[in-house]
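With my numbering, the residue at position 931 of the sequence shown is 931, and numbering never jumps.
By construction, these hints were calculated from the structure, which means they are not laboratory data.
We put the CB at the ideal spot given by N, CA and C, even for glycine.
Treat each hint with caution, since some may be false.
[To be verified] Cut-off 27 Å, straight-line C-alpha distance, at most; resulting in silico cross-link-like pairs (DSSO-like, lysine-lysine):
(1) Lys150 x Lys303
(2) Lys180 x Lys337
(3) Lys873 x Lys758
(4) Lys733 x Lys864
(5) Lys650 x Lys539
[Stated by the list, open to error] If you anchor each label on the Cβ, the simulated ranges turn out as follows:
(6) Glu459 x Ser153: 52 to 62 Å
(7) Leu769 x Ala918: 33 to 43 Å
(8) Asp355 x Ala335: 22 to 32 Å
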Amino acid sequence: MLVGQERVGKTSLMRSLTGESHNKDEESTNGINLSASCSFNLSNRTSWKLAIKGDDTARKEKFENSVDIDASSDLEEEYNRAIANNIALELMAIKKKDADMQTVIRNTENKKGSTVNSSFAALDSIIDKDIVLVSKSSQQSVLHEGVPDKIASLVQVILDEIEGTRVEPADVFSTDRDQKIVLNIWDFAGQAVYYTTHQVFLTSRAVYCFVFNLCDELTTKSIVQQESSMSTLEYMDFWMRSIHAHAAENTRNNVDNTTLAPPIFIVGTHRDSLNIDPIVRANMVDSNFAKIRDFLVGKPYTKHVVFPFFAIENSAEPGEDIQLEKLRAHIEFIASKQSYIGEQLPIKWLRFEHDITQQADVGIQFATFNQVYELAVNHNITSRSEVQALLTFYHDLGTLIYFGSNITNDYILNNTVVLNPQWLVSMFQKITTINPPEDKWNLMSDYWRQLVENGVLEESLLPFIWPDATDHHTFLLGLMSKFDLICSKLPPTGQMYRYGNKSWYVPMRFGQCQDKHNVYVQTVHDALFYIDFSGFLPKGLFHRMQVKVIQWSQEQGGRDLYLAQGIARLFVDSDHDLLIEMCPSHLHRIKVLVMHVRHKEATSSNRKTSPLPEVVAKIRHFLESCLEDLRVMWMKRLAYKMFFVCPCDKVCIVHNQESCSSEDCLHFLDLNECLANQIVCCEHRRIKTESFKRWFPALNSSEFREPILAPLSIDKGLGNVEHNFPSLPSWLKGAAKLLNGAADNQGWFALARLMGYKQNRIDLFNEDLNPSLALLTDWIVTSGNTTMSVDVLLHYLQQLGCVEVLDVISRAKEFEFDRPQVFLSYQWDMQDEVSLLRDYLERCGYSCWMDIGQMGAGDQLSNKIDQGLRGCKVVIACITPKYIASHLCNRELWLADMLHKPIIPVVLEMVSWPPPGAMAVILSQLVYINMKGVGGHGGTGIHADLMDKYSELRQRISLYAKPDLTPCVDSTFWPPQQKPVSDVTSERISGYRTSMSSLSELDFHHRQTSHYEPSLEVTVSRFSEPLVTTSHVDSYQTNISMNQPTQYGRGFDHSYPPVTQANVKKCAVCIVL
């Protein structure tokens, strides 16, 4: 694969390597040129023989006599060798069994000058006929009578070699002297407009050559490069990072592995144009190569690079350039050492490859997986997994294109096989580069203008863009959508497509943003964070992110979106907008801004309201899921982190300015660390994180177990509290240590004064060896030894500004909090539905672990997930199609299975069972609860069935976890001098963990009849007929009134009227029945 900038000589290098003469009028490559293939023999490294693919007539005529192979002849030769090896193996096995027997192969017809098909037929006849034994002396003549001459001669060579050297038949043709390697040459266009589509075709089974012009300055732009934004070294960095991110693999699975596949050669062209003097020219080449070596130091892709570098002259006549010959030989050597070279393939795979090639030659551009499977069955390939492995293998070789695999459950990608890669490249290229025709009478001028200026592709233009593929429009658009190259543009809500004409967004063709102030104005109230990509953010990745956020925004109801190159402002909900902006290319980061726009537009500087924390967390999780999907599907080594801008007043070195707002001068704080800590440190000073946490949901409150400290008498321990009470918790000692070393206005003495201690008591603490520990211990013990004691202590510490001490105690509270019983594993899009499920389970007394966006991501989130899974009693897997496809959800489920946690599948959206992919291994033996299988013939039947499903889930959970029956209702709830009449009733009431103000219809006890409507004319709380008997109604009358407010936001009517029951009616269908 030849990659590099535009007009540096990649196509000329391909001609030089294959022995063609230089063409000074060579045109620039468009897209990717896959028309050339060559072969070389490791025993003859003098030249590469070119095999022309396609209809390049001129070169075909020129090399008609020198072409050594083509697709069919090479396949036939490899096939004949496989047949000969099998025959030789069979003959040797028979000979060892009975040395006196004789060998003959009967009833085969000698077909001299056979083609590939004749070889196939010969093999069938050999396999189908009986093998009879004859004497060794007649072996050679009988072989010539029974099989084609080529195969017979190969068998004889193998047998002679075995007798002479005692090697295995398969090793006869594996030596370097006869090994032939075929290279398909892919010439990638250097124009930046193609880079997004190029990433689709990068593979690990390749040898890459980065080509650059030695005459260009490495660190500055040449005249040719002025249209772009990158210098030669920046281009090199871009391409090598692209290859590393998309295709990098370990060459071996050993610990001492020091190289990565695929290998990358660095080749400089136009050597002779540097200087006339050979000595000066050589020094200039060495100087350039030294700069490149220094540039590569410490880069993540350095292990891909092949040394030494090569400087060649494409205009030299064949055989004149020694460096070119060395390059060719080194490519041969490196290629021959790749782990996949020499792999043994089943013969049936070769037959399948021959049929696929024939289909592509007759103009069949693509096929479905089922069609390919039927073709494979003809060659006795009956396993679908083997067909998938076969297609992946030939995809890596560039023979076809197939992106289906176990990591994706997408129907289109799994069901599509492109037989002609060059055809797909040209189709993508037309969408990217086509320009409107120069016709003033063009009736499609409005549509063309939309495509050129706004990047909106109208359906009416497709016949003009793809005139030769009118039957394949749907397929091509679907494939480009799955590659995240385009996405549908939905019409305004409530409207259909105008005149049935559909349209699509094409991010690669978005126009330039002329004035950002017409897009947004940033204020201090907006939630701002950045996504940093560790030195590699190609435009193609941002285009794919644009596609995903556009699709998501349209799902939320957004239609009028602002979209341009490197920027997008999108609808989130009626009150919020989202902005993603690509920072200057050398910074490799994306700016994310969440704005509250209910009262003022995004372009107004008078916006005074901050976005809701739940919305910011929702957006953050969505962006993380997008990037994770891109990493799994396209960029295996994609690295990113989220950051806040550090608010410190550090002086900018470049502009000598405090708190400089220039993008180049910003420095950052890790988002996860800020959300997890009260204080973080930047390189300038310590930063409090309250200003960041206000943008995200607060962490769930956690409390210490009571009593906080073991019963003790503090007065008896004064003098050396730490020694006298060794059981004091470590968090208390840590907080005391920080107070002892704090400044006077933040130390223990200031804290004691603030707490109201008198001087004589403070003097006693001062006599202790650890006065801070004595103070803290005394406070907790004397103030009740409860969680309230700690909360008040935290309040005082906050008043003093003791952030570090606050952080120590807060962490300890979180650590000592009881672990949840139920772990809810779900995909982020289903958060609302899963939240309802969690609320129900917590009302039933089961504590739940659920990520709602407040914990961060990366290591922080992974640690939380690990703690939640290890501490829970049961895992609920909320199954949806996106859950099945999610890489993170798969990891959660696999970890739960490895920890032997009970798993209860709950189907929230319809999926096949067992679900496709890796989850089937875990879920296939489990019984699921189908939440989407609910609903009767009336609207209320759905709610009744849903309660049945919830009850079933609660019953399943009760097999593994015991609910916490702590009463949720304060004792003051009961009327004066009244008590519940039965322990059973009290227990059932206390099974809820919510206040009266949060009751919903799910709190009411429903009858078990499936056709009853549960919540018509409900006027009271949950204490209805099933909870109390008639004889005891008067003992606790609980009709809720708004007259007297209570701590629950409601009041009680002290006249105690009888409890009014829910009026339950049958639905209309039941009445008819």
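Each hint tested on the structure:
1. Lys150 x Lys303: Violated, at roughly 44 Å.
2. Lys180 x Lys337: Since the Cα atoms of lysine 180 and lysine 337 sit roughly 13 Å apart, the hinted pair holds (cutoff 27 Å).
3. Lys873 x Lys758: Since the Cα atoms of lysine 873 and lysine 758 sit roughly 49 Å apart, the hinted pair is violated (cutoff 27 Å).
4. Lys733 x Lys864: At roughly 25 Å apart (the allowed maximum being 27 Å), lysine 864 and lysine 733 satisfy the hint.
5. Lys650 x Lys539: violated (32 Å)
6. Glu459 x Ser153: 52 to 62 Å: holds (60 Å)
7. Leu769 x Ala918: 33 to 43 Å: Because 59 Å falls outside the window, the suggested range is violated.
8. Asp355 x Ala335: 22 to 32 Å: Taking Cβ atoms as reference, aspartate 355 and alanine 335 lie about 27 Å apart, which means the hint holds.
Of the numbered hints given earlier, the model fails hints 1, 3, 5 and 7; all others are met.
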